[in-house]
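Engineer: Given the coordinates of chain A, assemble chain B onto it according to the supplied hints.
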Amino acid sequence: MIKIAAIGVGAALLAAWIKTIKSEYALWITLAAGAFLGLAAILKLDAIVSELKFLQGYFSAYGSYFKLLIKIIGITYLAEFSADLCKDAGANTLASQVEMFGKLSILVLCMPIMSSLLETVDYFLGG
Amino acid sequence: MSVGIIFKIAAVGILVSVLCQLLKNSGRDDLGHLLSLTGLLVVLFWVLPYVLELFETMQSLFDL
Numbered sequence: 001m002i003k004i005a006a007i008g009v010g011a012a013l014l015a016a017w018i019k020t021i022k023s024e025y026a027l028w029i030t031l032a033a034g035a036f037l038g039l040a041a042i043l044k045l046d047a048i049v050s051e052l053k054f055l056q057g058y059f060s061a062y063g064s065y066f067k068l069l070i071k072i073i074g075i076t077y078l079a080e081f082s083a084d085l086c087k088d089a090g091a092n093t094l095a096s097q098v099e100m101f102g103k104l105s106i107l108v109l110c111m112p113i114m115s116s117l118l119e120t121v122d123y124f125l126g127g
Numbered sequence: 001m002s003v004g005i006i007f008k009i010a011a012v013g014i015l016v017s018v019l020c021q022l023l024k025n026s027g028r029d030d031l032g033h034l035l036s037l038t039g040l041l042v043v044l045f046w047v048l049p050y051v052l053e054l055f056e057t058m059q060s061l062f063d064l
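Protein chains in written order, with our numbering: chain A, 1 to 127; chain B, 1 to 64.
One chain only, chain A, in its complex shape:
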């Protein structure tokens, strides 16, 4: 953890300093450090995902929802990472576009769950 914190702060300071000399390299340093920290975070997340997949065995009926949950986590992480990078570069328009696309793709993924929920409710109400 110490290594990750040190890299984050170091890259931020280096980017801030090099912005005064040559502004475009600051973004490259942020991108490189972000990619590395993201990779480290994902390797840490790997254990959680495999545990979730193990849990999936118990809920045989709702196994597919776990897969959907993991996919949504991935989409959120990716959209957040790239949107913040765009914001760093000053392109707020692109950032909002990326976020909007992330939200819409999550909504599309959740549609089947919504319909099955309504079917269950309908079944309970003696539809």
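Treat the hints loosely; a few may be bogus.
In the SDA-like style, the derived pairs of lysine to any residue whose C-alpha atoms are separated by at most 20 Å in a straight line are [unchecked claim]:
(1) A:LYS67 to B:SER60
(2) A:LYS87 to B:VAL51
(3) A:LYS103 to B:PHE55
(4) A:LYS67 to B:PHE62
(5) A:LYS44 to B:PHE62
(6) A:LYS19 to B:ILE5
(7) A:LYS19 to B:LEU41
(8) A:LYS3 to B:ILE5
(9) A:LYS103 to B:ASP63
(10) A:LYS71 to B:LEU52
(11) A:LYS19 to B:THR57
(12) A:LYS44 to B:TYR50
(13) A:LYS3 to B:VAL3
(14) A:LYS19 to B:ASP63
(15) A:LYS19 to A:GLY90
(16) A:LYS53 to B:THR57
(17) A:LYS71 to B:GLU56
(18) A:LYS53 to B:LEU64
(19) A:LYS19 to B:VAL42
(20) A:LYS44 to B:GLU53
Think of the hints as simulated: they come from the structure by calculation, not from any bench.
Structural biologist: Frame of chain A; chain B shown alone:
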């Protein structure tokens, strides 16, 4: 693995800015622009594999 590349990018940035200043003083300003472009391309080819690895790991882990 990563710390090296961050400092390499900073080094390229400083080098390019110094050389651009040098070229500007010697009157060859257009060469300076070309030089800064090549500096950016070098950094791009350094950073690209890391970003690619990140996105591929993400894709395989979350089976997007």
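Engineer: Run every hint past the structure and note whether it holds.
Structural biologist: Status of the hints after comparison with the structure:
Restraint check for LYS67 (chain A) and SER60 (chain B): satisfied, since their Cα atoms lie roughly 13 Å apart, inside the 20 Å limit. Distance hint between LYS87 (chain A) and VAL51 (chain B) is fulfilled; the C-alpha atoms sit about 18 Å from each other, no more than 20 Å. Using a Cα cut-off of 20 Å, the hinted pair LYS103 (chain A) and PHE55 (chain B) holds, with the two alpha carbons roughly 19 Å apart. Taking the CA atoms of LYS67 (chain A) and PHE62 (chain B), the gap is near 8 Å; set against the 20 Å cutoff, the hint holds.
Between LYS44 (chain A) and PHE62 (chain B) the alpha-carbon distance is near 13 Å, which keeps this suggested pair within the 20 Å criterion. Of the pairs offered as hints, the one joining LYS19 (chain A) and ILE5 (chain B) holds, with about 17 Å between alpha carbons and a cut-off of 20 Å not exceeded. A threshold of 20 Å between alpha carbons decides the hint, and for LYS19 (chain A) with LEU41 (chain B) the separation of about 18 Å falls inside it, so the pair holds. Restraint check for LYS3 (chain A) and ILE5 (chain B): satisfied, since their Cα atoms lie roughly 15 Å apart, inside the 20 Å limit.
Between LYS103 (chain A) and ASP63 (chain B) the CA atoms are separated by roughly 18 Å; this keeps the pair inside 20 Å, and the hint holds. Distance check on the hinted pair: LYS71 (chain A) and LEU52 (chain B) sit about 19 Å apart at the alpha-carbon level, within 20 Å; holds. Straight-line distance between C-alpha atoms of LYS19 (chain A) and THR57 (chain B) comes to about 30 Å, which puts the hinted pair past the 20 Å bound. Straight-line distance between C-alpha atoms of LYS44 (chain A) and TYR50 (chain B) comes to about 17 Å, which keeps the hinted pair within the 20 Å bound.
Of the pairs offered as hints, the one joining LYS3 (chain A) and VAL3 (chain B) holds, with about 10 Å between alpha carbons and a cut-off of 20 Å not exceeded. For the hint pairing LYS19 (chain A) with ASP63 (chain B), the CA-to-CA distance comes to about 37 Å; that exceeds 20 Å, so the pair is violated. Using a Cα cut-off of 20 Å, the hinted pair LYS19 (chain A) and GLY90 (chain A) holds, with the two alpha carbons roughly 13 Å apart. Taking the CA atoms of LYS53 (chain A) and THR57 (chain B), the gap is near 17 Å; set against the 20 Å cutoff, the hint holds.
Restraint check for LYS71 (chain A) and GLU56 (chain B): the C-alpha separation of about 14 Å stays at or below 20 Å, so the hint holds. For a cut-off of 20 Å, the pair hint linking LYS53 (chain A) to LEU64 (chain B) stands: about 15 Å separates their Cα positions. With a C-alpha separation of about 18 Å, the suggested pair LYS19 (chain A) and VAL42 (chain B) falls inside the 20 Å cut-off, and the hint holds. Between the alpha carbons of LYS44 (chain A) and GLU53 (chain B) the distance comes to roughly 15 Å, so the proposed pair stays at or under 20 Å and holds.
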